[in-house]
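Number of protein chains: 2
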Amino acid sequence: MKDQNKYMIEALEGAKMAAAQGEVPVGAVLVNGLTGEIIARAFNCTEQNNDPTAHAEILVIRQGGKVLGAPRLVDCDLYVTLEPCPMCAAAISFARIRRLYYGAYDPKSGGVEHGPRMFSHAALHHLPEFYGGIHESECGALMTEFFRTKR
Amino acid sequence: MKDQNKYMIEALEGAKMAAAQGEVPVGAVLVNGLTGEIIARAFNCTEQNNDPTAHAEILVIRQGGKVLGAPRLVDCDLYVTLEPCPMCAAAISFARIRRLYYGAYDPKSGGVEHGPRMFSHAALHHLPEFYGGIHESECGALMTEFFRTKR
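From first to last, the protein sequence lines are chains A and B. Counting from 1, one number per residue, gives the positions in the first sequence under my numbering. Counting from 1001, one number per residue, gives the positions in the second sequence under my numbering.
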């Protein structure tokens, strides 16, 4: 649990950088689950990249593939400050992520424990273990504050 | 219908290039729905890019965002040779694609008319119109042939 907190705090740093750049504040970290080494860090960049797919999870997976030289990130764990959306949940499965840890739950747009509950579908052949609610309040507060200032 | 055939034939060219490079043969074309201009072309590159998210649809959307200088591809139509998976279906919604045209149905891994049927979920706020089965047999034959040679 100590390590999980440590990595989520790293992901939170990413989320704060996103917010400072006017992006939806979501950050992610990819970790080698066997050694504990951080392989990649990313935060949501959809606006600045003009890329609707540039969610933190997609970017960290793409970086991870480059670093590891493989499209399948075997034995890697992914930490992200918000419950992944359905697009990212499917990408996490395709990437063969071992364990997914996430912060705030997203009842409106989440796709892991809400909406299409992606990991309950046979269309996805690899199912990661997943754990939500890690540093939930801090992760969620960033989102709440961001959307409050947008109104 | 004439135009839809024309664009799907372009997407099929992409799928054939993918097959020639040992990639799952799926091709996609992004079209300005108002002018008919082709904005971007892509094919599946997951293996050569070491990127599990590099499906034809994701790549064509990312290129489209670059070309248009916007993360929302308003009034654009997307042609792809295979029913999009759940990841791509969600990306198509985020990109605000106007109409989706696809070739072969994918009962096993598709996410539009199979599996999680992404466009039936409230988690996705934008719902494109979608039309499947365009040049279905030619699109499907490429896939069948590809996986036959892999066995």
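Quick caveat, the hints were computed from the structure, so don't treat them as lab data. Don't be surprised by glycine CBs; every beta carbon is placed ideally from N, CA and C. Incorrect hints may have been included.
[Unchecked claim] Label-pair distances were calculated between CB atoms; the ranges are:
| no. | chain 1 | residue 1 | chain 2 | residue 2 | range |
| --- | --- | --- | --- | --- | --- |
| 1 | A | E13 | B | N1005 | 33 to 39 angstroms |
| 2 | B | H1125 | A | G69 | 45 to 51 angstroms |
| 3 | A | D3 | B | G1133 | 48 to 54 angstroms |
| 4 | A | N5 | B | V1074 | 37 to 43 angstroms |
| 5 | B | A1020 | A | I38 | 51 to 57 angstroms |
| 6 | A | G22 | B | E1010 | 53 to 59 angstroms |
| 7 | B | G1036 | A | N5 | 52 to 58 angstroms |
| 8 | B | N1049 | A | A141 | 49 to 55 angstroms |
| 9 | A | V67 | B | T1149 | 29 to 35 angstroms |
| 10 | B | A1020 | A | V67 | 38 to 44 angstroms |
These are the hints, each one checked on the structure:
1. Taken as a hint, the range 33 to 39 angstroms is violated for the pair A:E13 and B:N1005, whose Cβ atoms sit roughly 50 angstroms apart.
2. In this structure, B:H1125 and A:G69 break the distance hint of 45 to 51 angstroms, their C-beta atoms being roughly 37 angstroms apart.
3. Checked against the given bound of 48 to 54 angstroms, the beta carbons of A:D3 and B:G1133, roughly 49 angstroms apart, stay inside it.
4. Between A:N5 and B:V1074 the beta carbons are some 42 angstroms apart, a value that agrees with the proposed interval 37 to 43 angstroms.
5. The hinted window of 51 to 57 angstroms between B:A1020 and A:I38 is violated, with their beta carbons roughly 37 angstroms apart.
6. Between A:G22 and B:E1010 the beta carbon distance is about 36 angstroms. The supplied range of 53 to 59 angstroms is therefore violated.
7. Separation of B:G1036 from A:N5 is about 54 angstroms and conforms to the stated range, judged on CB atoms against 52 to 58 angstroms.
8. With their beta carbons about 36 angstroms apart, B:N1049 and A:A141 fall outside the hinted range of 49 to 55 angstroms.
9. Look at A:V67 against B:T1149: about 31 angstroms separates their beta carbons, and that is inside 29 to 35 angstroms.
10. Between B:A1020 and A:V67 the Cβ separation comes to about 28 angstroms, which falls outside the hinted range of 38 to 44 angstroms.
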